[in-house]
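Trainee: Throw the hints in and build the complete structure from the sequences for me.
So you can see what is in the structure, the chains are spelled out below.
There are 2 protein chains.
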Amino acid sequence: MNMATATTEVFTVLPTVDDHHHDRRRYPHGVAFMDGQYLPMSEAKVSVLDWGFLHSDATYDTVHVWNGRFFRLDLHLDRFLRGVEQLRMKLAVSRAEIEAILNNCVALSGHSSAYVEMICTRGTSPTFSRDPRQAENRFIAFAVPFASVANKEQLERGLHVVVSETVRIPPKSVDPTIKNYHWLDLVKGLFDAYDAGAETALILNVEGHIAEGPGFNVFAISGGSLKTPGFGVLPGITRRTVFDLCAELGLPVSATDVGRDELASAEEVFITSTAGGIMPVTRIDGNPVGAGQIGSTTRRLVELYWQKHDDPAWSTPVHYSR
Amino acid sequence: MNMATATTEVFTVLPTVDDHHHDRRRYPHGVAFMDGQYLPMSEAKVSVLDWGFLHSDATYDTVHVWNGRFFRLDLHLDRFLRGVEQLRMKLAVSRAEIEAILNNCVALSGHSSAYVEMICTRGTSPTFSRDPRQAENRFIAFAVPFASVANKEQLERGLHVVVSETVRIPPKSVDPTIKNYHWLDLVKGLFDAYDAGAETALILNVEGHIAEGPGFNVFAISGGSLKTPGFGVLPGITRRTVFDLCAELGLPVSATDVGRDELASAEEVFITSTAGGIMPVTRIDGNPVGAGQIGSTTRRLVELYWQKHDDPAWSTPVHYSR
Numbered sequence: 025m026n027m028a029t030a031t032t033e034v035f036t037v038l039p040t041v042d043d044h045h046h047d048r049r050r051y052p053h054g055v056a057f058m059d060g061q062y063l064p065m066s067e068a069k070v071s072v073l074d075w076g077f078l079h080s081d082a083t084y085d086t087v088h089v090w091n092g093r094f095f096r097l098d099l100h101l102d103r104f105l106r107g108v109e110q111l112r113m114k115l116a117v118s119r120a121e122i123e124a125i126l127n128n129c130v131a132l133s134g135h136s137s138a139y140v141e142m143i144c145t146r147g148t149s150p151t152f153s154r155d156p157r158q159a160e161n162r163f164i165a166f167a168v169p170f171a172s173v174a175n176k177e178q179l180e181r182g183l184h185v186v187v188s189e190t191v192r193i194p195p196k197s198v199d200p201t202i203k204n205y206h207w208l209d210l211v212k213g214l215f216d217a218y219d220a221g222a223e224t225a226l227i228l229n230v231e232g233h234i235a236e237g238p239g240f241n242v243f244a245i246s247g248g249s250l251k252t253p254g255f256g257v258l259p260g261i262t263r264r265t266v267f268d269l270c271a272e273l274g275l276p277v278s279a280t281d282v283g284r285d286e287l288a289s290a291e292e293v294f295i296t297s298t299a300g301g302i303m304p305v306t307r308i309d310g311n312p313v314g315a316g317q318i319g320s321t322t323r324r325l326v327e328l329y330w331q332k333h334d335d336p337a338w339s340t341p342v343h344y345s346r
Numbered sequence: 025m026n027m028a029t030a031t032t033e034v035f036t037v038l039p040t041v042d043d044h045h046h047d048r049r050r051y052p053h054g055v056a057f058m059d060g061q062y063l064p065m066s067e068a069k070v071s072v073l074d075w076g077f078l079h080s081d082a083t084y085d086t087v088h089v090w091n092g093r094f095f096r097l098d099l100h101l102d103r104f105l106r107g108v109e110q111l112r113m114k115l116a117v118s119r120a121e122i123e124a125i126l127n128n129c130v131a132l133s134g135h136s137s138a139y140v141e142m143i144c145t146r147g148t149s150p151t152f153s154r155d156p157r158q159a160e161n162r163f164i165a166f167a168v169p170f171a172s173v174a175n176k177e178q179l180e181r182g183l184h185v186v187v188s189e190t191v192r193i194p195p196k197s198v199d200p201t202i203k204n205y206h207w208l209d210l211v212k213g214l215f216d217a218y219d220a221g222a223e224t225a226l227i228l229n230v231e232g233h234i235a236e237g238p239g240f241n242v243f244a245i246s247g248g249s250l251k252t253p254g255f256g257v258l259p260g261i262t263r264r265t266v267f268d269l270c271a272e273l274g275l276p277v278s279a280t281d282v283g284r285d286e287l288a289s290a291e292e293v294f295i296t297s298t299a300g301g302i303m304p305v306t307r308i309d310g311n312p313v314g315a316g317q318i319g320s321t322t323r324r325l326v327e328l329y330w331q332k333h334d335d336p337a338w339s340t341p342v343h344y345s346r
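Order-wise, the sequence lines are chains A and B.
Just so you know, we're using the working numbering here: the first sequence kicks off at 25 and counts up by one.
Just so you know, we're using the working numbering here: the second sequence kicks off at 25 and counts up by one.
Calculated directly from the structure, the hints in this document are not laboratory data.
It is possible that part of the hints are untrue.
Copies of the same chain look alike in the list, so a pair counts if it works inside one copy or between any two.
Here are the simulated SDA-like cross-link-like pairs (lysine to any residue), alpha carbons at most 25 angstroms apart as the crow flies [as the list claims (entries may be wrong)]:
#, residue 1, residue 2
1, K203, E189
2, K203, V230
3, K196, V230
4, K176, L99
5, K332, A171
6, K114, Y218
7, K176, R106
8, K176, F152
9, K203, D219
10, K114, D216
11, K196, N175
12, K196, G310
13, K332, P169
14, K196, E223
Mentor: Below, the structure is given as structure tokens:
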């Protein structure tokens, strides 16, 4: 239906109600699972009345597949299932079933490298009651092509980041260990970054220290030691992986307060995310980090991070077919 | 497709990908507008990839229709359009077009009393870029039957409320004047209320004073004066309406800090929401408010509030047909 027509006709005759939505949008290639069905991404939709949309009452996790292997799937499942429990939601699928569903979404999509999301929303109640206890919680999963916070050029020369004054939603409001979609603070940070000519942002915690950025944690390296913010941030799986890699490399690392000054004077800085792994930062607030080049410790960690993707101790194969 | 079958078959053959989602959920009767079409509520869905879902990157407003008339539609449109601008989104529809669309949603639904929502989501970009500037923002509207925070019994005897220790997302994180779907703090408050045997909750602001509840503002009356929290809350239209009604009745009212003790010792307490109007509270944290009955000032305000729904200065007619 044409919008202009709808508008001019409003005070003469009412427009008709169509039976079906005609969606002309393009969607990335992938496969979703919902309500027992495997579907193309164009069909993966939730009602505007789902509390997962209307109240962002949902938790999720994202795991990636690289060269046909899930990376640290167990850790992502652990975090997801814990979040579902903390939000007092119930899944109609078991952990083993989720694993099978994620495998199938990737296998059916055919992607050898994929960004795989599992979601639990509060759903809705059959009576549209506002009582969340009466809602039928909903599980959704999908696999789309692998995505990265940093593009190829940015990975090669390091990201340009600004520190925004926006404060990350504090733990007393929303528990950051329950991975959630409350991102308006992070989106505000992103716009602050664009305004300053940078590519992405770090925002602060309530105490004025560095927290995290849109979809990533951050690490600073000074005097050979690594530090990452310890309070008010998502306990990222890639963040944890850095701790594991540091243990292997004998590098000291700690989760603690990271001040703005400390970040500005760091020798090396990198961000971590399932969407891209370990990604170097070479400019902060317009100034070079260290010598303005990707540092040697960051390079070692990036290399080891990707090596682990073939290691059966860190990854599990996707069963594409039999 | 049967879930059990899908699971047991995963390591033998892959399941098939269906063309279309079969949704067996029931939806409230109503009409939605999206992408130039008017649709039944069962068709009003957004992609799981829309940033409005994945990042709760959206703003909205809800206006109600009572006895065939919109109540204070202009104020809701003002707030909605301001929120869209603040989030740096762009609407493909003008204010006049939105008015016509909302009218049509209500008229086509046939509801004489309706809960009418207008939404703008960040949308997605055709390339699924993570850059919000590249997203095609999306306008959606719908009309469903009128809903209330308090049911009939609760309106007659007053709500039972608890004060939860949960802290409302502070303004430094998310601007509360931009009406948003970041509700996990409010949902946490609701569960705290249920655990305490109450019906709904008030949560705190960062300073430990009373903020608001899930979908409503709150007022306390002491010594003939009304107070409502001034900081860190949504500037509700019903809240503003109470100020206007108080001016008419010659009642002193102010937006300022409201302490927990102050609320506990108030003579009367009520909450305000487009979903239900002015709703009395007669128990807080298990103790009666005043004498535990709905107070006389609350009753006067409730009465005047509903009277205004027929007043052309406060309401505008829905054009159901011509």
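Trainee: It remains to establish, for every hint, whether it holds in the given structure.
Mentor: Going down the list of hints, with the structure as the test:
For the homomeric pair K203 and E189, the shortest alpha-carbon distances inside one copy (22 angstroms) and between copies (21 angstroms) are both at most 25 angstroms. Both within a single protomer and between protomers do K203 and V230 lie at most 25 angstroms apart by alpha-carbon distance, with minima of 19 angstroms and 22 angstroms respectively. Taking the closest pair of Cα atoms, K196 and V230 come within 25 angstroms of each other both inside a single copy (10 angstroms) and across two copies (9 angstroms). With identical chains, the CA atoms of K176 and L99 are never at most 25 angstroms apart, being 27 angstroms at best within one copy and 47 angstroms at best between copies.
When the C-alpha separation of K332 and A171 is checked against a cutoff of 25 angstroms, the pair qualifies only within one copy, where the shortest distance is 19 angstroms, while the shortest distance between copies is 53 angstroms. For a Cα distance limit of 25 angstroms, the shortest separation of K114 from Y218 across copies, 17 angstroms, qualifies, whereas the shortest one inside one copy, 40 angstroms, does not. For the homomeric pair K176 and R106, neither the shortest alpha-carbon distance inside one copy (34 angstroms) nor that between copies (37 angstroms) is at most 25 angstroms. In this assembly of identical chains, the alpha carbons of K176 and F152 lie at most 25 angstroms apart only when taken from different copies (16 angstroms versus 46 angstroms within one copy).
In this homomeric assembly, K203 and D219 come within 25 angstroms of each other (Cα to Cα) only across copies, at 24 angstroms, whereas the closest approach inside a single copy is 28 angstroms. Taking CA atoms no more than 25 angstroms apart as the test, K114 paired with D216 passes between copies only; the shortest distance there is 18 angstroms, against 38 angstroms inside one copy. In this assembly of identical chains, the alpha carbons of K196 and N175 never lie at most 25 angstroms apart, being 34 angstroms within a copy and 30 angstroms across copies at closest. For the homomeric pair K196 and G310, the shortest alpha-carbon distance between copies (24 angstroms) is at most 25 angstroms, but the shortest distance inside one copy (33 angstroms) is not.
Proximity of K332 and P169 under a CA criterion of 25 angstroms is satisfied intra-copy only: 20 angstroms inside one chain copy versus 54 angstroms between copies. In this assembly of identical chains, the alpha carbons of K196 and E223 lie at most 25 angstroms apart only when taken from different copies (22 angstroms versus 30 angstroms within one copy).
Of the numbered hints listed earlier, those contradicted by the structure are 4, 7, 11.
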